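Student: Chain residues, written in single-letter form:
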Amino acid sequence: MGKERRLIGAIGLILLFLCLLPLMASDYHVSVFLDLMMWIALTESWIILSGYTGYISLGHSAFFGLGAYLMAITWTHIPYGLGVILAGLLSTAFAFAIGFPFLRVRGPYFVILTLGLTEFTKFLFINLEIKLGGTVGRILMMTPGLHTLYYSILVVTAIATITAYFVKNSRFGTGLFSIKEDEDAANAMGINTSLYKWLAFGISASFPGMVGAILALRRSYIDPYTVFSPIVSFQVIVMAFVGGLEDVEGAVVGAVILTLISEALWARYPYTYMIILGIVMIFIVKFMPLGLVFPIKRRILMRRKGKDR
Amino acid sequence: MDLTRVLQIIFTGLIIGGIYALIAVGLNLIYGTMRLLNIAHGELIMVGAYVTYWLYMLYGVSPLLSMVLVVGLSAIIGLLVCFFIFLPIIRSSKSITVLESNSLLVFFGLSFIFTNVASLLWTADIRGYSYMTRVIHIAGVPLMYNRLLALGVALFVCLACYFLLQKTMLGKAIRALIQDREASQLVGINANFIYLISFCAAFGMAGLAGCLLSMFYEITPFMGLPYTIIAFIVIVLGGLGNILGSLLGGFLLGLLETIGVSVTSPGLRPILSYSVFILIILIRPKGIFGRGVY
Amino acid sequence: MKNKTAIVFLSFIVAVGFVCLPMSQASAKDAITMGFSISLTGMYAAQAAGQMDAYQLWEETVNNRGGIHVKKYGKKLPVKLVYYDDKSQAETAVRVYEKLITEDKVDVVLSPATTGIHFAVAPMAEKYKVPIVGSTAASVKLRDIKTEYFWFITACVPDRQMEALVDLLKHLKIKNIAIIYAQELFPRENLQFLDPYVKEAGFNVLLRKDYPMGAKDLTTLLSEVKAKNPEAVIALCYVPGSFTMTTQAQEVGLNPKLFFQLIGPAAVPFGPKFGPAAEGLTTMGHWSPKGKWPGARDFHDSYVAKFNKKPDYLNSTLAYASCQIVEQTIEKVGSLDWKKMRDYIAAHEFQTINGPMKFSGTENTRTPSMILQWQKGELEIIWPESTATAKPLYPKPAWP
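Protein sequences, first through last, are from chains D, H and R.
Numbering-wise, the first sequence is residues 1 to 309 according to our numbering.
Numbering-wise, the second sequence is residues 1 to 294 according to our numbering.
Numbering-wise, the third sequence is residues 1 to 400 according to our numbering.
A portion of the hints provided could be inaccurate.
In silico DSS-like cross-links for lysine-lysine, where the CA-CA straight-line distance does not exceed 27 Å [claimed, not checked]:
#  : chain 1 : residue 1 : chain 2 : residue 2
1  : R       : Lys170    : R       : Lys292
2  : R       : Lys226    : R       : Lys170
3  : R       : Lys105    : D       : Lys131
4  : R       : Lys340    : R       : Lys170
5  : R       : Lys306    : D       : Lys131
6  : R       : Lys226    : R       : Lys76
7  : D       : Lys131    : R       : Lys141
8  : D       : Lys180    : H       : Lys172
9  : R       : Lys127    : R       : Lys105
10 : R       : Lys29     : R       : Lys105
11 : R       : Lys105    : R       : Lys340
Output of the computed footprint for chain H on chain D, the stretches with three or more beta carbons under 8 Å from beta carbons of chain H [what the hints assert, rightly or not]:
#  : stretch
12 : 5-15
13 : 100-112
Rather than coming from a laboratory, the hints here were simulated on the basis of the structure.
No experiment lies behind these values; they were computed from the predicted model shown.
Just so it is clear, CB atoms sit at the ideal spot from N, CA and C, and this is done for glycine as well.
All chains should be built: construct the whole structure from the sequences, respecting the hints.
Tutor: See the structure below:
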């Protein structure tokens, strides 16, 4: 009981800090945290499907771009908040629409299939844009201020993290983990794996959609090449791995660590930052193949087991 | 459509397809034997292209000679990467899924390292050079010598690969390993040795593809990713682990591309390719030729 | 449980601490800091390289003279570039400018690379009321940016550029043309304006086809163009497309009397790669070292001396010219006051290595869009006649 209270207390403190940040810190710091929270939201939502079920998806970028475009198209026609929500809904709808056939594909085939999806969506939008507007790329004028965007991301990130947490600790989550463990066995035991995967896919897709919408306003300019870039998916995967795939806290840690290294290095050593990042990634796999958080947790569990005796 | 046009489409399709096949076969070798998805494959192409470029620009070394050098250099890189990074990972991985996910991370890391070392050393400027640009006419179709060379080399290497796999003991061992890792080790096949060979061959072929490409396309540190994506599509279509499948698949994709460009609006080409790809995977999740090993 | 949350909590504290680390403080006025973001990595890196080099050349040139004279401080102050990589990502660029303006408190802000990032950064100008002279951005939409603190200098804005091209075609009495274009932002925007001008001029468009970005094989398309036998081929492409197209046009034997490639022939590697094969190819532009403007030739020569390669006739010159505008503004205004600088830039004409520049709204309307052509190993300006350095070489000679 005490642990629960401590956890909630700590989280509350963090949330409070985040809420007050824009009032205390400069715009630059606010934007760093905006960035950080974007990655946390993306990573938390990604692990709901890919971390829990083991279906590694490179499709997060597709939903991100979808959300960005919805915002670009509806901007100044509908209120901002509605646009963000719609972006999330659209992404989920899209995920649900393609979910059943897509999730029948397994393993590495699924990985590459989702990569193909992202590329397909990118070229689809390029062609659509050409048909509709004659040019590629959209500008968004008079976008909301930094603080508005910051609080929006804060809300989205909080919801994403809470969702990831509740899914993990629910029967639904246990079902997802059983899929990762052994899908056929899970099926044999009566778990409707198709439905579970489908739900996870849809839920996880809503967040990149919303994040994409908010980011579109931050950038003021979007085009298919940048919003559908697979680099977004790649970075999310790295963060998830660093944090340990199944860990809600781990996702936060992964995002924070990568962002930290980023901040410390990219300003001064742009090329070296990436090189160091690459080396770090290789080292993590060599020495901590289960991510950073899991081994620490395991050690804690062991120690507690010892104490209980 | 007259015969010359048809022949032109076929020739150019095969030229591009040859490069695709080269890249895809290498990628598939690594996947088939080790179940690793080499996201950094395109970067080896980039390295091959740059090495050829610099040797040509600074020392006047003909790309024909560079080909050999590049293959050697890439193979050595493959050897080092496999030995120092992947063999330990394979040893220590508790399960296939862990191995696959860990290897993804490592390959991402390698990809970052390669592209940024290249940017650091050679700057991000676009580079290019011209070599063997005289045009020859074959059956009425105009072709530049360098593109003919690329086709020839790609065909030769792919066929050599195929014969090696079919007719030699080493080839049989590789195929056995792809088919069933445990069983092949039971009959005494040295898995680690095969892994090293696969890496060397795959990296070597990627480097060679880069050398060939450098003769007619532009060179930048970031040129690798599109080729990696294409290679993935080819091996998935041809069947993961199916070496002949990716060989044929590469040529097929090249042909489909050029046919698509000439028959339909060229602008629709990517959408068509990706829709076809997605459809095929959904219908036949194991690829056109399936998991069988030839 | 407790340790897990401790980890998360700790990570946050570390993150906060790191970020709030005191940055290098601005010292007493002994230099003018010029801040900007530039795409050192990512997909725009190749394009941005020429701009970065030009900025550095300018810094060196100015400092060799002792710096810029600022009346307020009664002396010449050297210039110091302060820059960060934006990784070719718009939101990173936005963050960089926020950092530069609020944290590093730079004296002057210079522009980033590429059109897309200019758009992302323009709102910064309005938000912080800091004047930003844009450089490597070209789009008609730039005129719509609603701020008085932002300008762009390129003459290669699609509508003016296409008008110039069509004027050249009319001058050469060309009737039959073929148009091929890449499915990308800039080529498409140009096409949008090319079509009405072509229609107005009454040209015979024998073929009008697009090709996807990154297309590796254009031979079938080019053969189709050849079969139609147009007098002029207008290719709206980017650098990679131009490389592919030039090589493969030679292969299929496509040799129109006028071969125009939107972007490519003026890129740095084009000349070295194609050598004599480049002869006669035309492209868009607004500068050549042979241009009759003060400093044009010097800029070219010092660039070659410093970097061992030619400058990019589009990106490098724009970047350098934008710096010149800033330099002249500081000198005339006598201080680094942003409002005063802004007012000065909006109202005056500047002399740059690209000739005179003056703004009407956000746009520099003084510099005409031009057509460049490779002649004997150098890019000459062949149109308009007011700024031409050579007569058009027409028809284009055969491939070597």
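Student: Now tell me, hint by hint, if it's right for this structure.
Tutor: These are the hints, each one checked on the structure:
{"no.": "1", "hint": "Lys170/R / Lys292/R", "verdict": "25 Å, holds"}
{"no.": "2", "hint": "Lys226/R / Lys170/R", "verdict": "22 Å, holds"}
{"no.": "3", "hint": "Lys105/R / Lys131/D", "verdict": "44 Å, violated"}
{"no.": "4", "hint": "Lys340/R / Lys170/R", "verdict": "45 Å, violated"}
{"no.": "5", "hint": "Lys306/R / Lys131/D", "verdict": "46 Å, violated"}
{"no.": "6", "hint": "Lys226/R / Lys76/R", "verdict": "60 Å, violated"}
{"no.": "7", "hint": "Lys131/D / Lys141/R", "verdict": "18 Å, holds"}
{"no.": "8", "hint": "Lys180/D / Lys172/H", "verdict": "33 Å, violated"}
{"no.": "9", "hint": "Lys127/R / Lys105/R", "verdict": "15 Å, holds"}
{"no.": "10", "hint": "Lys29/R / Lys105/R", "verdict": "12 Å, holds"}
{"no.": "11", "hint": "Lys105/R / Lys340/R", "verdict": "18 Å, holds"}
{"no.": "12", "hint": "5-15", "verdict": "violated (count 0)"}
{"no.": "13", "hint": "100-112", "verdict": "holds (count 10)"}
Figure legend: structure checked against the earlier numbered hints; hints not met, in rising order: 3, 4, 5, 6, 8 and 12.
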